[in-house]
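J.: Kindly produce the complete structure, drawing on both the sequences and the hints.
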Amino acid sequence: MISGVRRVGVYSLSVLAATGRACILLIQMLGSIPSSVRRYELFVEQLFRVGVLTLPIIIVAALFVGMVLALQGYNTLVDFGAESSLGLLVALSLTRELGPVLAGLLFAGRAGAALTAEIGLMKATEQLAGMEMMAVDPVRRVLLPRFLAGMISVPILAALFTAVGILGGYLLGVNVLGVDQGVYWSVMQEGVDFQQDVLNGLIKSLVFGALISLLAVFMGYDARPTPAGVGTATTLTVVLSSLLVLAMDFSLTSMMF
Amino acid sequence: MKRQFIEITVGLFVVTGLVALLFLSFRVSNLNSDSVSDPYQVNARFDNIGSLKVRAPVTMAGVRIGRVNEIRLDSSSYQAQVIMDISGDYNKLPIDSSASINTQGLLGEQFVSLEPGGQQKYLKEGDRIRLTQSAVVLENLIGQLLFSNSTEGTKK
Numbered sequence: 001m002i003s004g005v006r007r008v009g010v011y012s013l014s015v016l017a018a019t020g021r022a023c024i025l026l027i028q029m030l031g032s033i034p035s036s037v038r039r040y041e042l043f044v045e046q047l048f049r050v051g052v053l054t055l056p057i058i059i060v061a062a063l064f065v066g067m068v069l070a071l072q073g074y075n076t077l078v079d080f081g082a083e084s085s086l087g088l089l090v091a092l093s094l095t096r097e098l099g100p101v102l103a104g105l106l107f108a109g110r111a112g113a114a115l116t117a118e119i120g121l122m123k124a125t126e127q128l129a130g131m132e133m134m135a136v137d138p139v140r141r142v143l144l145p146r147f148l149a150g151m152i153s154v155p156i157l158a159a160l161f162t163a164v165g166i167l168g169g170y171l172l173g174v175n176v177l178g179v180d181q182g183v184y185w186s187v188m189q190e191g192v193d194f195q196q197d198v199l200n201g202l203i204k205s206l207v208f209g210a211l212i213s214l215l216a217v218f219m220g221y222d223a224r225p226t227p228a229g230v231g232t233a234t235t236l237t238v239v240l241s242s243l244l245v246l247a248m249d250f251s252l253t254s255m256m257f
Numbered sequence: 258m259k260r261q262f263i264e265i266t267v268g269l270f271v272v273t274g275l276v277a278l279l280f281l282s283f284r285v286s287n288l289n290s291d292s293v294s295d296p297y298q299v300n301a302r303f304d305n306i307g308s309l310k311v312r313a314p315v316t317m318a319g320v321r322i323g324r325v326n327e328i329r330l331d332s333s334s335y336q337a338q339v340i341m342d343i344s345g346d347y348n349k350l351p352i353d354s355s356a357s358i359n360t361q362g363l364l365g366e367q368f369v370s371l372e373p374g375g376q377q378k379y380l381k382e383g384d385r386i387r388l389t390q391s392a393v394v395l396e397n398l399i400g401q402l403l404f405s406n407s408t409e410g411t412k413k
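Keeping their order, the protein sequence lines are chains A and B. Position 157, counted from 1, in the first sequence is what the numbering used here calls 157; the numbers after and before it change by one each time, with no gaps. All you need for the numbering used here is the position in the second sequence, starting with 1, plus 257.
Heads up, a few of these hints could be off.
Listed next, the in silico EDC-like pairs over lysine to aspartate or glutamate satisfying Cα-Cα at most 20 Å (straight line) [unchecked claim]:
| id | chain 1 | residue 1 | chain 2 | residue 2 |
| --- | --- | --- | --- | --- |
| 1 | B | Lys-310 | B | Asp-353 |
| 2 | B | Lys-310 | A | Asp-193 |
| 3 | B | Lys-259 | A | Glu-190 |
| 4 | B | Lys-310 | A | Glu-41 |
| 5 | B | Lys-259 | A | Glu-45 |
| 6 | B | Lys-310 | B | Asp-331 |
By construction, these hints were calculated from the structure, which means they are not laboratory data.
T.: Spelled out as structure tokens, the structure:
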């Protein structure tokens, strides 16, 4: 009985300590931004690996999500004779919720896991320790470019996701289901507000980007330097960042709208 | 060569992201058509505005000429005061124009519709539209219909 309670306590304390270490790492990284501006090519390379290589999955997923939204929305709206609002339905769901959230989830699976595995393996093979021996700060050299690249990538990917999704909805709604193309756009423009919807979606995706990247980088840096440790850390990155994205989305939505 | 490729694709990535954002701003949301150009404000008082909302369109003859900027209760007359931004392009609206609150379709959004009057003087910044007609509240209308039907029934 007591030992069960104690185990809960130990677990809570370890979660708390990990959160604290993550915050310290974040502060360290932010603090080393000014001195690493000159090595911006490291950042560009990470932007390529984290952002550009995630592009295909984002575009394909967005196309299908937009088309499914149009199909599903059309079936519901047509019962009320409101199929002309299809454009608004697709655009609002994508800009407010689906764009940032799904881009974040896909990013966590595609890039977050890779970041954790890479950094964890660097730690397990003592490359990070080697860098420290050579007076190279691994936080500045390895972690910071990856974190920044992830944070910048997610808003770009989310904007692309939303745009491609709306085009996917257009493709199906106008060409297959027969919604008038002018109505599709005009209803959308009438109902979607730039500040309220587009800008808030962008803020959301920036928050998700920072969250996922910090988690991925931290999990790798904090992993136990064994094969099993790296595996656990990679799993944790995907699971935790997915859960956190969904939970953050709920709280952000309830604050914004 | 590899380095160049990376830099070019990253550049393209960022540019497509910006293009997507522009698309969202101008094609999807109403950033371009939203701002009323060079507006002047007029206000009107209504007994009941129904479910009129801020940013609802202001139209004349069905053409949108402005937006509702602010709605508040006038605490002395207990009427709703609606402040509208009218586009500067339409600065020759007669001063005796009347405003009414209509509904798009049977259950759609409500908007302010202006009917031109006949005077040669024109509305300008800060003027008040005196002739107003309240929103038609559908529930009241149904109530009246039922009531008139029942009184007719007793007459016969």
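J.: Confirm or reject each hint.
T.: Now for the hints, and whether the structure bears them out:
1. B:Lys-310 / B:Asp-353: Violated - the C-alpha atoms of Asp-353 (chain B) and Lys-310 (chain B) are around 24 Å apart, more than 20 Å.
2. B:Lys-310 / A:Asp-193: holds, 14 Å
3. B:Lys-259 / A:Glu-190: violated, 46 Å
4. B:Lys-310 / A:Glu-41: violated, 50 Å
5. B:Lys-259 / A:Glu-45: The hint holds at about 10 Å.
6. B:Lys-310 / B:Asp-331: holds, 16 Å
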